[in-house]
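**Q** Numbering of the sequence shown is given in our numbering, commencing with residue 2 and proceeding in unit increments.
Accuracy of the hints is not assured; some may be wrong.
Straight-line C-alpha distance at most 25 Å; calculated SDA-like pairs for lysine to any residue [as the list claims (entries may be wrong)]:
#	residue 1	residue 2
1	K29	G46
2	K29	I17
3	K29	Y16
4	K29	P43
5	K29	D7
6	K29	T18
7	K29	A39
Source of the hints: derived by calculation from the structure; they are not laboratory data.
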Amino acid sequence: CTLLRDYISSMLGEYITALQAGVMNCSKRMCNAEGRCARRDPHSGYMIPLHDTQEALPLSDM
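When you get a sec, could you build the whole thing from the sequences and use the hints?
**A** Shown next, in the form of structure tokens:
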């Protein structure tokens, strides 16, 4: 339980925070802050850039 808690609060928590920031930035940029970015095609190559990292996450193909 301790290992799982540590993983969730460190690695997974940072990933979720970065994902949330990326989706919010996408919403502001693509939808004038009036919508959420979602993938329409799970096999598309579009990505959501993660906040303050070089990594990226899948983005909807709008």
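**Q** Now tell me if each hint is right for this structure.
**A** Hint by hint, here is what the structure shows:
no.: 1; hint: K29 with G46; in the structure: holds, 21 Å
no.: 2; hint: K29 with I17; in the structure: holds, 18 Å
no.: 3; hint: K29 with Y16; in the structure: holds, 20 Å
no.: 4; hint: K29 with P43; in the structure: holds, 22 Å
no.: 5; hint: K29 with D7; in the structure: violated, 32 Å
no.: 6; hint: K29 with T18; in the structure: holds, 17 Å
no.: 7; hint: K29 with A39; in the structure: holds, 13 Å
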